[in-house]
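We have chain A already, so just place chain B on it with the hints.
As they're listed, the protein sequences go chains A and B. The numbering of the first sequence is this note's numbering, which starts it at 271 and goes up by one. The numbering of the second sequence is this note's numbering, which starts it at 36 and goes up by one.
Please keep in mind that the hints were generated in silico from the structure rather than gathered at the bench. None of the values given here were measured: they were computed from a predicted structure. All C-beta atoms in this analysis are idealised placements derived from N, C-alpha and C, irrespective of residue type, glycine included. Hints should not be assumed to be uniformly reliable.
Said to hold, decoys possible - The calculated lysine-lysine pairs, modelled on DSBU-like cross-linking and capped at a C-alpha distance of 35 Å, are: (1) A/K312 <-> B/K44; (2) A/K337 <-> A/K312; (3) A/K337 <-> B/K44.
Said to hold, decoys possible - Covered stretches of chain A (chain B as the covering partner; in silico rule of three or more C-beta atoms under 8 Å from a C-beta of chain B): (4) 313 to 322; (5) 368 to 376.
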Amino acid sequence: QKEVEQNSGPLSVPEGAIASLNCTYSDRGSQSFFWYRQYSGKSPELIMSIYSNGDKEDGRFTAQLNKASQYVSLLIRDSQPSDSATYLCAVLSGTNAGKSTFGDGTTLTVKP
Amino acid sequence: DGGITQSPKYLFRKEGQNVTLSCEQNLNHDAMYWYRQDPGQGLRLIYYSQIVNDFQKGDIAEGYSVSREKKESFPLTVTSAQKNPTAFYLCASSDPRREDTDTQYFGPGTRLTVL
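Pulled out of the complex, with its shape left as it was, chain A reads as follows:
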């Protein structure tokens, strides 16, 4: 079992729809969770970070964390073609200080 698993893609949604990206992790001690967006050939850029159970909203993006279920998700409302990218979930280790583990990513395509 991978330490961080993301729902297999690719994911395709029409413009204006809600895109839902999911991530599960195995390290119960993890406290910090991140979503990065990576355009093809480019480096990742931070979209959201979340540390507490519940929802965190930033514009069209909402991150949801459930530590009991070891689950974190990212919702993108009113999806735009510019949201088409690979989304990476990252989890900071609860035991190895400073060490983050990334999932393999989910590729999202938003069709006009």
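Chain B only, in chain A's frame:
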């Protein structure tokens, strides 16, 4: 203009050669990281350093070496012992003292190809 720079952007290596990838940051971040990304995959941690003159192996350190003599710099050497080094290499930094602790900021990457 603060940020992380990596050089070169593209690098070609002959088999049996060692090459060094540069990573410099002027963000005053304590921690720095090196990741490798293969097509269609996520990032895998090679080495990380939380403070000058100290670094730890990540998940795939074999065939790589690093140094951290200055806070701003964290060069990665890909040695001839790394059997399949063709990949996209990403450097990142973070400042654990910040409230958004351990958010990592990435450089633009170096694409290494073995000929």
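A quick look at each hint next to the structure:
1. A/K312 <-> B/K44: holds, 11 Å
2. A/K337 <-> A/K312: holds, 31 Å
3. A/K337 <-> B/K44: The given pair, whose Cα atoms are some 39 Å apart, is violated under the 35 Å limit.
4. 313 to 322: Coverage by chain B holds here, the residue count being 5 at a Cβ distance below 8 Å.
5. 368 to 376: holds (count 8)
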